[in-house]
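Based on the provided sequences and hints, a complete structural model is requested.
So the protein lines, in turn, are chains A and B. Mind the numbering: the first sequence is residues 38 to 253 in this note's numbering, read in order. Mind the numbering: the second sequence is residues 38 to 253 in this note's numbering, read in order.
Treat the hints as calculated values from the structure; they're not laboratory data. Computed from a prediction, not measured in an experiment: that's the story for all the values here. Any given hint could be a false lead.
Given that identical chains are not distinguished, each listed pair holds provided it fits within a single copy or across any two copies.
Straight-line distance between alpha carbons at most 25 Å, and here's what the computed SDA-like set of lysine to any residue pairs gives [what the hints assert, rightly or not]:
id: 1; residue 1: Lys-111; residue 2: Gly-57
id: 2; residue 1: Lys-137; residue 2: Glu-179
id: 3; residue 1: Lys-157; residue 2: Ala-177
id: 4; residue 1: Lys-157; residue 2: Lys-184
id: 5; residue 1: Lys-61; residue 2: Trp-120
id: 6; residue 1: Lys-137; residue 2: Ser-51
id: 7; residue 1: Lys-40; residue 2: Thr-180
id: 8; residue 1: Lys-111; residue 2: Glu-82
id: 9; residue 1: Lys-184; residue 2: Thr-151
id: 10; residue 1: Lys-111; residue 2: Gly-204
So you can see what is in the structure, the chains are spelled out below.
Protein chains: 2
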Amino acid sequence: MAKPNLQVALDHSSLADALGDIYKIGDVVDIIEVGTILCLQAGQEAIRCLRALYPNQIVIADTKCADAGGTVAKNCAQAGANWMTCICSATLATIQAAAKEIEEIQIELYGQWTVEQAQKWRDIGIKQVIYHQSRDALLAGETWGEKDLKRLKELTDMGFNVSVTGGLTVQTLSLFREIPVYTFIAGRGITASVDPRSAAIEFQDEITRIWGDGVD
Amino acid sequence: MAKPNLQVALDHSSLADALGDIYKIGDVVDIIEVGTILCLQAGQEAIRCLRALYPNQIVIADTKCADAGGTVAKNCAQAGANWMTCICSATLATIQAAAKEIEEIQIELYGQWTVEQAQKWRDIGIKQVIYHQSRDALLAGETWGEKDLKRLKELTDMGFNVSVTGGLTVQTLSLFREIPVYTFIAGRGITASVDPRSAAIEFQDEITRIWGDGVD
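This is the structure in C-alpha cells:
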C-alpha cells in the first residue's frame, strides 16, 4: 500500500495563531488544511497567507461547501487553494459546479449518506472523500470502531482516495493498517500538543512504520 | 397569519460590495444575512461590519456549520451575529453545541432530510429551519412546486419558524399564500437588480398585500 499522507488541520480562531503553529511543522506535514473555523474567521486571507508561506505544498480550504459551489470554488482557487471540501448533503449540481473551478473536490461525509450517493460522486469524476468522526461526536464519547473500518473499506473499494479524520492519535493509526488510507488528518492532536513539531514527526514515523516509506 | 419578514442575503465575494449594497436597503429589510460566500471571503470582519452599521437589526451568519458547532457559534456571537445556520446533515451533538453559544440556530435543509430528523431538532429546542431551493438546482432548471409547499406545511405544522429561499421574486411570493412563512430570503433578486432599494420595497409591499401588515 502507498504511504498515507499526513495533513494538518489548522482549526484556529485566529490567523496569527494558525501561522504560529504551522511555522513549527509546515515542512513535516504533506498537506496543509485551512480548517472551517479558520475559513470563517479569517476568510480568504487565511488561504492566501498559507499559499504564500508554502508555495509547493497542497493547501486545502475546508469550506464544507453546501451551495453556490462554483463561486466558492472559484474564490478558493483564486486565493491559492488546490483542493476544497463539499459537504455530502450538497446537491450533485453544487458539487459539479465546484469541481469545474478548482483542481479537486473532497466530499466530507457527515451524518447520513449512502453508497448510492457515493457512486454518483464517482460517476461525475470525484476522486476524494473524507471520512469523519465529528468533533462533537467525539466529545459525546463516540470513537473509532469496526463499523467505521467497514465503511472505509467500502469507499476505498469504490476507488476513492479516502482521508480519515477525527480524534486521531499516534496510537490509533494502527487501527487502520488493513485500509489503503490516502491521508490522515490531525488537528489539535498536533497543534495543541506541548511540542507540535515532535508530534508531527511521531505521526509521520508511525505512518512509515505501518505502511512503509512508499518506495518499492 | 403574521406578516413574514424580509431578509436580504449578502452573498458577495467582496465585503466592500456587500456594504455598498446593504447601505441602499438596510432600513427596508427586516433581517440581514452574511451569506456563506461572504463569510468565507471576509471572515468574521463581515459580521462585525454589519453589526456596527445595523446595531438594532437581526444579523445572521450563514455559516452552514457542519462541525465544531460550539466554536463556530461562539465566534459568530462574539462578532455580533444574533443567529447562525447549521447544515441539516450536522450531528445533533454539533447542533446542540452551537445552540448553547448563540441566540438561535437555524437548520438549513439541503439534500436528504426526514421528518424524524426534524422532530429531533424540535426536541432539543431548535425553532427555525430554512427551506431551500439550492442556487445550483435553480440553475439546473428546478423551481418551486407542490412538493415544496407540502413539505413547508409539514414544517410549519411541527411548530418551526420556516424561512424560505432560492430564486424568489416578487411574482413568486403569492405561491406561498396558504403557508405561515416566517421569513422570505432574497439575495441577488434584490442586490443585483437595477434599483435594489425599489426591489426591496416591492418585496415588502407584496408581502404586506398578501399577509397583511401584522396589525390585528
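Taking each numbered hint in turn, which are not upheld by the structure, reported in ascending numerical order?
none
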